[in-house]
Amino acid sequence: MRGLGKDLRTGLIAIVAMTLVLGLAYPLVVTGISQVLFPGAADGSKVSFAGRVVGSRLIGQEFKGKAYFHSRPSATGYSGDATFFANVGPNSKEGREEVRENLAAYLKLNKPYDKGLTKDDVPVDAVTNSASGVDPQISEANARIQARRVAAVRGLSLDDVEALVDGAVEGRGLGVFGEPGVNVLELNIALEEASPLKGGN
Amino acid sequence: MAEGYVQIAVFFAVVLAVVKPMGVYMAKVFRNERVFLTPVLGPIERLTYKVLRVRPEEEGQDWKQYAKSLIVFSLLFWVLLYLILRTQGIDPWNPRGFHSAPWDVTFNTVSSFLTNTNWQYYGGEVTLSYFGQMAGLAVQNFVSAAVGIAVLVALIRGLAARSGSSLGNFWQDVTRILLYILVPISIVAALVLASQGVIQNLSGYTTIHTLAGGTQILGQGPVASQEAIKMLGTNGGGFFNVNSAFPFENPSAFTNYFELFLILLIPASLTYTYGRMIGSQRQGWAIFSAMAVLLMAGTVVAYMAEQHGTPAQHLAGLHTHAMNGSSGGNMEGKEQRFGIASSALFTAVTTATSTGAVNSAFESLTGIGGAVPFSNLGFSEVIFGGVGSGLYSMLLYAILAVFIGGLMVGRTPEYLGKKIGAREIKLVALGVLVTPLMALLSAGLASATPAGTRSLYAGFNPQGFSENLYAYLSQANNNGSAWAGYTGFLQPHGPGNVGAYGISFADMLGGLVLIGARFLPIILVLAVAGAMAGKKVSPAGLGTMRTDNPTFVFLLLGIIVLVGALTFFPAILLGPVTQGLSTRLF
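Chains as they are written, first to last, in the numbering used here: chain F, -11 to 189; chain H, 111 to 696.
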């Protein structure tokens, strides 16, 4: 039979010991091993262009103008350090207006380079907010539409740009899981390497 | 949609394949037998008992002693976690110099992590230091999971014991669960996640000059170590505010399924452990089947609903059908790498298992898709449920089903050969009703008072009703996911808790619900275990109602759905179902 005092004493030792082991030793050991075995991944999978770190392969960025592939809409301004959901409800009037505006903007941007483009061809990911605000990917359909514009603006052949898109496609996990997508930052880096943009557009 | 169903089927097949080996392993751990890790961890285990000054083999506890140790332990940890979070400004590993959050938000957060809920009114990356996340919250991810499993083990021992009143020793159970199950698997899982791009460092946030000439600050931190136990312990509290949608927590479709696997690994395998410990594998599979049916049904409904798109999208002129190179569907608040199928699966699995993680925005789910998390919570987290807590709640339902079945055929109800008496069924009924009662009373109170409605984001419409109901449903069921517009914390002047204040009503009510709905059922479950321990086992005869066949699974499903539906159907009708059946916008 144990008294309350004994439980209190055991409990006090237990919470201190567990905090030290589970709260400090465990994460620090995992940090140490990760930093030795997977330094790039553990530090955020950063990618470089022209010798300079330009972002993380995993974190989407904002791209404006006609010469780049654009990321999905973001409610957070593509923030990597203060994230939140857009929280647009399924029956929300604001949600309808937002999709309408995104659709119109997408068509305005891309239709001049793809005369047959209608709103029926616009894939859903192009006009809806991602969950994280920094979705690194767009759908293949979205990339193919934007490829015509990017090729025309940069003076590249459509085939060349399509080939760059193919190179940036990330397939399903183990060939089965999730959805394929195109990594926008890596695609735009490849684009810059193929045809550097001078002085903006 | 074929690719979607294939990946869901493959996933369930993998889970099914590990149920037996993992179940057998855990049974050995709970029976204090040798396992393959004993040569390495045995000395540490003995050292732990020495440090804690317990002699487990001499100190079997009856249900009251077991409960007392559990409550003392939890209470002490509540105080320690509160102190850690209140002193954030002077603690180490705080590269952004964050101050403590307001006291009421801390009250809610502490109660939330202590109860394996991980409901979050705060955004981790803008309010918490690395120290607070590691030494404060992640410790509770381990400990609250271990406590949940310990209660289950005590209940199983009570159901199986034919003599005596001992349910085991609480300190020994928690030690062995941590040492042989949670810690080793977490280490391996954290390294797998880190290899795939989940970050694991103690650096300050990095400022990047982007390709297009902008700037972007990248959050950093010890994420992989926390992510592993967040999933394995069915906790769900994100290091980042958008949880497993953020690529640094969940970088790829592979990690998404790996995290899902970690979530189901223990709750699914525990059904096998249960069968083994009571000496009838069929009993375990019967429970497993009932859980699996409900989980798969929820997954399919969510997938079909999300694939359909929303009224707002259709009325805006967007075509949400699949096309070459796009999955179609409601991609609002979802990530491209997950798509519709694995977002729907994640939604169903996390809400069924009391894991508050999300990889998509619940507030942006379709009406019917959103009804799936509501229903899963309405079934009181018995569909696999939280580690330990899911199965102990399910066993209460099983006893209830036996009782109702016994009434229908006019026999004395028995479970596992033990007669269910008046005392047991009273405890069981209370245990089944506590959670729904707390959910409905608190949600009602919050939606009817000005202090409560301050937390609403969507306003006075079905969406706002859903936010409010889900908030209390989630906290009462110790789940932790949210219709995330609902808030109890405001940060008007930017990150770091500067000028931030809490909405005391939501924080306090939520915190009290969290604690009540966790510890009242635990005490009731232990009381049931105590009442069942030492009961005589009568041999099964021709007239015995069997509890290991499809008929019983069907009866059990009926009871769960009936209790859940009778309790929550009217409320769910007013929220997500109204939205699902209407194309009106508001």
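What the hints contain is simulated information worked out from the structure, not anything from laboratory work. Treat each hint with caution, since some may be false.
[To be verified] DSBU-like cross-link-like pairs, simulated, lysine-lysine; straight-line CA separation at most 30 Å:
no.: 1; chain 1: H; residue 1: Lys178; chain 2: H; residue 2: Lys529
no.: 2; chain 1: F; residue 1: Lys52; chain 2: F; residue 2: Lys81
no.: 3; chain 1: F; residue 1: Lys(-6); chain 2: H; residue 2: Lys646
no.: 4; chain 1: F; residue 1: Lys(-6); chain 2: H; residue 2: Lys138
no.: 5; chain 1: H; residue 1: Lys178; chain 2: F; residue 2: Lys(-6)
no.: 6; chain 1: H; residue 1: Lys174; chain 2: H; residue 2: Lys529
no.: 7; chain 1: H; residue 1: Lys160; chain 2: H; residue 2: Lys178
no.: 8; chain 1: H; residue 1: Lys529; chain 2: H; residue 2: Lys160
no.: 9; chain 1: H; residue 1: Lys174; chain 2: F; residue 2: Lys(-6)
no.: 10; chain 1: H; residue 1: Lys160; chain 2: H; residue 2: Lys645
no.: 11; chain 1: F; residue 1: Lys(-6); chain 2: F; residue 2: Lys54
no.: 12; chain 1: F; residue 1: Lys107; chain 2: F; residue 2: Lys96
[As the list claims (entries may be wrong)] Which chain H residues stay away from chain F? Per the calculated CB distances, all over 12 Å, these:
no.: 13; residue: Arg141
no.: 14; residue: Val161
no.: 15; residue: Val189
no.: 16; residue: Val236
no.: 17; residue: Ala271
no.: 18; residue: Leu321
no.: 19; residue: Leu425
no.: 20; residue: Leu526
no.: 21; residue: Val544
no.: 22; residue: Ala592
no.: 23; residue: Met618
no.: 24; residue: Leu667
no.: 25; residue: Arg694
[To be verified] What the simulated footprint calls covered on chain F by chain H, stretch by stretch (three residues with Cβ under 8 Å from a Cβ of chain H suffice, anywhere in the stretch; the number is not a length):
no.: 26; segment: 29 to 40
no.: 27; segment: 94 to 100
By construction, the Cβ of each residue, glycine as well, lies at the ideal position given by its N, Cα and C atoms.
Against the structure, the hints:
At roughly 27 Å between alpha-carbon atoms, Lys178(H) and Lys529(H) fall within 30 Å of each other, so this suggested pair holds. Using a Cα cut-off of 30 Å, the hinted pair Lys52(F) and Lys81(F) holds, with the two alpha carbons roughly 27 Å apart. In summary, the hint linking Lys(-6)(F) to Lys646(H) is not supported, as the alpha carbons are separated by about 33 Å, beyond the 30 Å threshold. As the CA atoms of Lys(-6)(F) and Lys138(H) are separated by approximately 28 Å, the hinted pair is consistent with the 30 Å bound.
This hinted pair checks out: Lys178(H) and Lys(-6)(F) have alpha carbons roughly 11 Å apart, not beyond 30 Å. Distance restraint check for Lys174(H) and Lys529(H): the Cα-Cα separation of roughly 22 Å lies within the 30 Å cut-off, and the hinted pair is therefore satisfied. For a cut-off of 30 Å, the pair hint linking Lys160(H) to Lys178(H) stands: about 21 Å separates their Cα positions. For the proposed pair Lys529(H) and Lys160(H), the alpha carbon gap of about 40 Å is over 30 Å, so the pair is violated.
Between Lys174(H) and Lys(-6)(F), the direct Cα distance comes to roughly 15 Å. Compliance with the 30 Å bound is thereby established for this hinted pair. For the hint linking Lys160(H) to Lys645(H), the alpha-carbon distance of about 34 Å lies beyond 30 Å, and the restraint is violated. A distance of roughly 71 Å separates the Cα atoms of Lys(-6)(F) and Lys54(F); the hinted pair therefore is violated under the 30 Å criterion. Distance hint between Lys107(F) and Lys96(F) is fulfilled; the C-alpha atoms sit about 11 Å from each other, no more than 30 Å.
Chain F leaves Arg141(H) outside its interface by the beta-carbon criterion, the shortest separation being 22 Å against a cut-off of 12 Å. Distance check on Val161(H): its Cβ comes as close as 6 Å (rounded) to a Cβ of chain F, failing to clear the 12 Å threshold; non-interface status is violated. Non-interface status of Val189(H) relative to chain F is broken: a Cβ of that chain comes within 12 Å, the nearest being about 9 Å off. With a cut of 12 Å on Cβ distances, Val236(H) falls inside the contact zone with chain F, its closest approach being about 5 Å.
With a closest Cβ-Cβ approach of about 19 Å to chain F, Ala271(H) is found to remain outside the 12 Å limit, as its non-interface label requires. Its beta-carbon lying about 4 Å from the closest one in chain F, Leu321(H) breaks the requirement of being farther than 12 Å from that chain. For Leu425(H), the shortest C-beta to C-beta distance to chain F comes to about 5 Å, within the 12 Å cut-off, and the non-interface label is violated. Here Leu526(H) stays apart from chain F, with its beta-carbon at least about 29 Å from theirs, past the 12 Å limit.
The beta carbon of Val544(H) sits about 25 Å from the closest Cβ of chain F, which is more than 12 Å, so the claim that it is off the interface holds. Taking the minimum C-beta to C-beta distance to chain F, about 9 Å, the non-interface status of Ala592(H) is violated against the 12 Å cut. No Cβ of chain F comes within 12 Å of the Cβ of Met618(H); the nearest lies about 23 Å off, and the non-interface call holds. Remark: the non-interface label on Leu667(H) is consistent with the geometry, its nearest Cβ contact in chain F lying 29 Å away (cut-off 12 Å).
With a least beta-carbon separation of about 6 Å from chain F, Arg694(H) fails to lie farther than 12 Å from that chain, contradicting its non-interface assignment. Requiring three or more residues with a Cβ within less than 8 Å of a Cβ of chain H, the coverage given for the segment 29 to 40 of chain F holds, as 8 such residues are present. Restraint check on the segment 94 to 100 of chain F versus chain H: 0 residues with Cβ-Cβ distances below 8 Å, three needed, restraint violated.
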